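**Q** Here is what each chain is made of, one letter per residue.
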Amino acid sequence: MPSRPTSTSALGTLTALPLCLCWALSAPAQASELRYAEDQAPAIVNPLFATTMSEARLDELLFEGLYNDNKDLATSPDLAASAQMSSDRMEMTITMRQGVTWQDGTPVTANDVAFTIAAMKDKGTLSTEQGRVDWIDEATAIDDRTVRLRFVRPEARPEDKLFFKILPAHRFDGTAIKRTDPFRTNPIGSGPFKLDSYNDDGSISMSRYEGHRDRAGLDQITMREVSDKNYQAKLLMYESLEALVRVLPRDLAVLQSNRKVELYPYQTNSWWYLGFNLHRDPFKDPRVRTALAEMIDVDALLAPIGTGDSLTGPFVKSSPFYNHQVPAFVNDPIQVADLLEQAGYVNNGDGWKKDGKPLTLTVSAHKNLESAQEVVINLQSQLQSQGVTVQVDFLDEAAWRASVWRDRDYDLILSQWSFDRNEDIREQFHSKGSRNFTGYANKEVDRLLDLARDTMDPQEKKQALRDVHKLVHDDVPMVFLWTLDSYSAMSTDIRNVVIHPFYFFTWATDWAMQ
Amino acid sequence: MRSAQTRPKRPPALLTAGLVAATLTACSGGQPTPQPTATSSVLDGSWIAQIANQPDLFGGVVDVDSRAAWVAMHEGRWADAAQALPPGVGRARAELELAVFYEDLADLASVAWPDLAATWLARDSGVSDGPMPFLAAVAVISRDHHADTGLSAPTAGQQALLTALQTESGALPKGTALDGLDQAGCLAGDLARLSGQSEQSPQGCRGDLPLDLDAEGTWYDPLVYDALAHQTRRRADRSLGDVGWEQRATQAKPPLDLLLFGPAWTTADLSAAAAADSSMSTIGASGPTLSALHLPDEGPTDEPQAARERVRALDRELDPWQAHLLDTVSDDGKALLTDLQLVAQVRSRILLAWARLALHNDRPHQATAYLLLAIDIESARTLGPLNPPSLYALAAQASLRTGRTREALDYLSVLEAPYPIVTGLDETIGDLAVLEGLGRHGDSKEN
Chain A
50 MPSRPTSTSA
60 LGTLTALPLC
70 LCWALSAPAQ
80 ASELRYAEDQ
90 APAIVNPLFA
100 TTMSEARLDE
110 LLFEGLYNDN
120 KDLATSPDLA
130 ASAQMSSDRM
140 EMTITMRQGV
150 TWQDGTPVTA
160 NDVAFTIAAM
170 KDKGTLSTEQ
180 GRVDWIDEAT
190 AIDDRTVRLR
200 FVRPEARPED
210 KLFFKILPAH
220 RFDGTAIKRT
230 DPFRTNPIGS
240 GPFKLDSYND
250 DGSISMSRYE
260 GHRDRAGLDQ
270 ITMREVSDKN
280 YQAKLLMYES
290 LEALVRVLPR
300 DLAVLQSNRK
310 VELYPYQTNS
320 WWYLGFNLHR
330 DPFKDPRVRT
340 ALAEMIDVDA
350 LLAPIGTGDS
360 LTGPFVKSSP
370 FYNHQVPAFV
380 NDPIQVADLL
390 EQAGYVNNGD
400 GWKKDGKPLT
410 LTVSAHKNLE
420 SAQEVVINLQ
430 SQLQSQGVTV
440 QVDFLDEAAW
450 RASVWRDRDY
460 DLILSQWSFD
470 RNEDIREQFH
480 SKGSRNFTGY
490 ANKEVDRLLD
500 LARDTMDPQE
510 KKQALRDVHK
520 LVHDDVPMVF
530 LWTLDSYSAM
540 STDIRNVVIH
550 PFYFFTWATD
560 WAMQ
Chain H
981 MRSAQTRPKR
991 PPALLTAGLV
1001 AATLTACSGG
1011 QPTPQPTATS
1021 SVLDGSWIAQ
1031 IANQPDLFGG
1041 VVDVDSRAAW
1051 VAMHEGRWAD
1061 AAQALPPGVG
1071 RARAELELAV
1081 FYEDLADLAS
1091 VAWPDLAATW
1101 LARDSGVSDG
1111 PMPFLAAVAV
1121 ISRDHHADTG
1131 LSAPTAGQQA
1141 LLTALQTESG
1151 ALPKGTALDG
1161 LDQAGCLAGD
1171 LARLSGQSEQ
1181 SPQGCRGDLP
1191 LDLDAEGTWY
1201 DPLVYDALAH
1211 QTRRRADRSL
1221 GDVGWEQRAT
1231 QAKPPLDLLL
1241 FGPAWTTADL
1251 SAAAAADSSM
1261 STIGASGPTL
1271 SALHLPDEGP
1281 TDEPQAARER
1291 VRALDRELDP
1301 WQAHLLDTVS
1311 DDGKALLTDL
1321 QLVAQVRSRI
1331 LLAWARLALH
1341 NDRPHQATAY
1351 LLLAIDIESA
1361 RTLGPLNPPS
1371 LYALAAQASL
1381 RTGRTREALD
1391 YLSVLEAPYP
1401 IVTGLDETIG
1411 DLAVLEGLGR
1421 HGDSKEN
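If you're matching them up, the sequences are chains A and H in order.
If you read the first sequence in the numbering used here, its first letter stands for residue 50, the second for the next number, and so on.
If you read the second sequence in the numbering used here, its first letter stands for residue 981, the second for the next number, and so on.
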């Protein structure tokens, strides 16, 4: 049982006061209000710094890009109205949609597009989104409604890459934007919903932006942080929520048999992993990493938390890039001992030691990662039974960002990556990747990732990424764990629901209350 | 599975323990017990009511043939059932189910291959060395040939593909471990030969694939899985004719083996389905029993909400009827209903038939809605009584036709182990997914 959330969520407080529950849980939604649960509230509302799925989902309600997916997942104009390509395909001139305004009433202009691209490229911004515009050499506002993009090299379908969210230039002082910029607590977008308030209970209230061209069917949307996932299904069944973004596997059966709830697959090509800090001893040594990987019984860790596939590399099994020829690590005590002895360790019955010091590691996990506590405790047990001393550390959002993203101050992390349908792992495994916080570097992997990015031959791309799968498996910067079946749940009171396979809320303007 | 409460109602385990749970229950007042509707009494004439009320009838069917074979039939293992059952109604039905499944794969292929070729052409990527673009080219050419529009005046792109077809037909994959691909390659080569685009079958092919292009009275769309589908269909049609199912359906006491584990409630529904669609691929989609339930129609457009409302209306009839049945039958009857999930199974098959019809009627979003409400999520990665093979083939097709190419692969992956022939199709759709993602920047986030 995970520990009680330390946040001030309404539920966290109320569980200690059960007599108050009836009032709280039966509190009806406002007219045409959708209340959805996230395990973890967005730490920041600024698309430049979105690193979690909860942030990406919220951004989808508040902000817009030049282009977006239509319901058939074809690229279609959003803030753009039309575009023309130069004959050498090095330039694209985009005419912006007329009459679009920011939620403070200011017109959205071409200058906002040029500003956003400049901000993403600005080295002072420190955004992990920088890679999404590095193919654009320059963005110039020609007039209020016309922006010209010049590319680094010819582009076949640049509109497919212009999905990133556009920011209001007038709300910033310059293009070097800090994560701490006041915008994060007072965001203004051009999307169909606007942020009204951060509430004391950790929830975020949004209401329909009346100035949006597509009038949303819902009046209000409220994001509620329910960090103890065990309660989320109950809140939905008892109509204190209308949507769960991800259903705990153990709740699927009860929700599926509930006629007031509908389940939708929300497979975001996600996989869990244990990531080593490759800058730190003894994890610099591939023999130690391999030995530890071989000690881990992945299926035994998976069994208590849900159904899914165990993996040998950085793709889910149904992916065209998954390399089915790569075998899983096998727990062979002799081979494990051999590897550790080669690395200088001895085990005289009191655990593995090198120069008298025990082989020790700390497993860190985000406290809001579902089922993380169960996994970490079982992992601790597995490794300790094989002579490794394991400590565990559950980090809150601030500590996670500081220790993992900023300072790289950890031994082994348990986490999960989610990918859109492109399954682009470049940022995680390229030596220059913005999300490569294990410190992994392999020149051949870099070459293959570059090839996969640049080639126009799908067979070549497929083969390159299957080769990457094998290489990263063999190098063991991570122990690849599993992908879980993932579903969202929605009250049948919400009509016209179609969820985007990654961003979830892309077509939320169509949703309406029964 | 939205179960029509077919499996023993799972107690809200999470709700039974602890003070919080008790409080929650008190707050809600619980779910009311559904009452049978006036219309749902029409279901009392169904085969499910028949065996629930007279459980001995069930043994009379399954033990006469082979219990293991009927277990396979129940679990949607059509090939196993067809093999294990003696000649007769049961075997003919299993063969029909298998034929319909292969036709679903053929339909999927007929969407996937032209999509791949068209996307390839649109990307100006040319034809690479791999077998899939080549086979996709064959599909496009074959489709145009079929429509009498293409080959007399091929477009520049088609001409390029045609040239590739002619020059590479001897270089088709052979000796590969991919059985489905091998067959696909051979079939594509034979098609090229038969349509005059090449002079001989590809090397390594036996040249004995059942290509009845000229057979009188047969419909044949020359795409890869159709060979298998066509062959299986002919066998099923022959078997159904041999057992004289139509006459048997009109007997005063129609035999239970015509209906058991099938989507038709009564023989009248079966006869109506055959009259509406001679391929009998949409049994369960309509018929006198469903008509009597007065379900809403699907609306004028491909809106998923209308499909959902239709399923909810069906559930409003099935739930109370089943609850009432469980209250009134013997323990043996109850055991049959719950252990075999009979009502849920028929519901799932009806939704499947609706989805198939929706796809035929160019309504892939509605098909998706039906399929998502049909699938038993608890065992979504395995085939079974509520998740028959066609569910995954249709879901893959619906995904493909709504732009969700990557999701189509998720559905196909369930079929790959039990049906290795799907491998070639999986590779084709995989190539399409990769092709669609070329030049895109992917997004990734934590958690």
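Bear in mind the hints are in silico, worked out from the structure with no lab data behind them.
Values in this document were obtained by computation on a predicted structure and should not be read as measured data.
It cannot be assumed that every hint is accurate.
Said to hold, decoys possible - Calculated cross-link-like contacts (lysine to aspartate or glutamate; reagent style DMTMM-like; alpha-carbon spacing at most 25 Å):
#1 A:Lys492 - H:Asp1277
#2 A:Lys519 - H:Glu1396
#3 A:Lys210 - A:Asp499
#4 A:Lys402 - A:Asp460
#5 A:Lys402 - A:Asp330
#6 A:Lys333 - A:Asp249
#7 A:Lys333 - A:Asp387
#8 A:Lys519 - A:Glu509
#9 A:Lys309 - H:Asp1295
#10 A:Lys210 - A:Asp506
#11 A:Lys278 - H:Glu1055
#12 A:Lys309 - H:Glu1289
#13 A:Lys309 - H:Asp1282
#14 A:Lys120 - H:Glu1278
#15 A:Lys309 - H:Glu1358
#16 A:Lys120 - H:Glu1289
#17 A:Lys309 - H:Asp1342
#18 A:Lys120 - A:Glu208
#19 A:Lys492 - A:Asp523
#20 A:Lys120 - H:Asp1342
#21 A:Lys309 - H:Glu1396
#22 A:Lys402 - A:Asp387
#23 A:Lys120 - H:Asp1282
#24 A:Lys481 - A:Glu493
#25 A:Lys120 - H:Glu1283
#26 A:Lys403 - A:Asp524
#27 A:Lys309 - H:Asp1277
#28 A:Lys366 - H:Asp1342
#29 A:Lys519 - A:Asp542
#30 A:Lys366 - H:Glu1283
#31 A:Lys366 - A:Asp346
#32 A:Lys406 - A:Asp460
#33 A:Lys210 - A:Asp250
#34 A:Lys120 - H:Asp1307
**Q** All hints, please: hold or fail.
**A** Hints versus structure:
Proximity of lysine 492 (chain A) to aspartate 1277 (chain H) is assessed by CA-CA distance (about 59 Å); at most 25 Å being required, the pair is judged violated. Of the supplied pair hints, the one linking lysine 519 (chain A) and glutamate 1396 (chain H) holds, its CA atoms being roughly 22 Å apart against a limit of 25 Å. The suggested pairing of lysine 210 (chain A) with aspartate 499 (chain A) holds, with an alpha-carbon distance near 17 Å, which does not exceed 25 Å. At most 25 Å may separate the alpha-carbon atoms for a hinted pair to count; lysine 402 (chain A) and aspartate 460 (chain A) meet this at roughly 17 Å.
With a CA separation close to 13 Å, the supplied pair lysine 402 (chain A) and aspartate 330 (chain A) stays within the 25 Å bound. A distance of roughly 44 Å separates the Cα atoms of lysine 333 (chain A) and aspartate 249 (chain A); the hinted pair therefore is violated under the 25 Å criterion. Annotation: proposed proximity of lysine 333 (chain A) to aspartate 387 (chain A) holds, straight-line Cα distance about 17 Å (limit 25 Å). With a C-alpha separation of about 16 Å, the suggested pairing of lysine 519 (chain A) with glutamate 509 (chain A) holds against the 25 Å cut-off.
Taking the CA atoms of lysine 309 (chain A) and aspartate 1295 (chain H), the gap is near 11 Å; set against the 25 Å cutoff, the hint holds. A threshold of 25 Å between alpha carbons decides the hint, and for lysine 210 (chain A) with aspartate 506 (chain A) the separation of about 18 Å falls inside it, so the pair holds. Taking the CA atoms of lysine 278 (chain A) and glutamate 1055 (chain H), the gap is about 34 Å. The hint is violated against a cut of 25 Å. Proposed proximity of lysine 309 (chain A) and glutamate 1289 (chain H) is supported: the alpha carbons are some 12 Å apart, at most 25 Å.
Under the criterion of a C-alpha separation no larger than 25 Å, the hint pairing lysine 309 (chain A) with aspartate 1282 (chain H) is consistent with the structure, at around 23 Å. At most 25 Å may separate the alpha-carbon atoms for a hinted pair to count; lysine 120 (chain A) and glutamate 1278 (chain H) meet this at roughly 19 Å. About 18 Å separates the Cα atoms of lysine 309 (chain A) and glutamate 1358 (chain H), which keeps this hinted pair within 25 Å; it holds. Our distance criterion of 25 Å between C-alpha atoms is met by lysine 120 (chain A) and glutamate 1289 (chain H), whose separation comes to about 20 Å.
The suggested pairing of lysine 309 (chain A) with aspartate 1342 (chain H) is violated, with an alpha-carbon distance near 29 Å, which exceeds 25 Å. For the given pair, lysine 120 (chain A) sits about 17 Å from glutamate 208 (chain A) by alpha-carbon distance, which is consistent with the 25 Å threshold. Restraint check: the Cα-Cα separation between lysine 492 (chain A) and aspartate 523 (chain A) comes to about 14 Å, which is no more than 25 Å; the hinted pair holds. Taken as a hint, the lysine 120 (chain A) and aspartate 1342 (chain H) pair is honoured in the structure, with Cα atoms around 15 Å apart against an allowance of 25 Å.
Proximity of lysine 309 (chain A) to glutamate 1396 (chain H) is assessed by CA-CA distance (about 34 Å); at most 25 Å being required, the pair is judged violated. A C-alpha spacing of about 14 Å is found between lysine 402 (chain A) and aspartate 387 (chain A), which places the hinted pair at or below 25 Å, so the restraint holds. Of the supplied pair hints, the one linking lysine 120 (chain A) and aspartate 1282 (chain H) holds, its CA atoms being roughly 12 Å apart against a limit of 25 Å. Between lysine 481 (chain A) and glutamate 493 (chain A) the alpha-carbon distance is near 13 Å, which keeps this suggested pair within the 25 Å criterion.
Distance check on the hinted pair: lysine 120 (chain A) and glutamate 1283 (chain H) sit about 12 Å apart at the alpha-carbon level, within 25 Å; holds. The hinted pair formed by lysine 403 (chain A) and aspartate 524 (chain A) meets the criterion: a straight-line CA distance of about 22 Å does not exceed 25 Å. Simply put, lysine 309 (chain A) and aspartate 1277 (chain H) have alpha-carbon atoms about 21 Å apart, close enough for the 25 Å limit, and the pair holds. For a cut-off of 25 Å, the pair hint linking lysine 366 (chain A) to aspartate 1342 (chain H) is broken: about 30 Å separates their Cα positions.
For the hint linking lysine 519 (chain A) to aspartate 542 (chain A), the alpha-carbon distance of about 47 Å lies beyond 25 Å, and the restraint is violated. Under the criterion of a C-alpha separation no larger than 25 Å, the hint pairing lysine 366 (chain A) with glutamate 1283 (chain H) is inconsistent with the structure, at around 32 Å. For the hint linking lysine 366 (chain A) to aspartate 346 (chain A), the alpha-carbon distance of about 18 Å falls within 25 Å, and the restraint holds. Distance restraint check for lysine 406 (chain A) and aspartate 460 (chain A): the Cα-Cα separation of roughly 16 Å lies within the 25 Å cut-off, and the hinted pair is therefore satisfied.
Note on lysine 210 (chain A) and aspartate 250 (chain A): the hinted pairing is violated, with a Cα-Cα distance of about 37 Å set against a maximum of 25 Å. Restraint check: the Cα-Cα separation between lysine 120 (chain A) and aspartate 1307 (chain H) comes to about 45 Å, which exceeds 25 Å; the hinted pair is violated.
Comparing the model with each earlier hint shows violations of hints 1, 6, 11, 17, 21, 28, 29, 30, 33 and 34; every other hint is respected.
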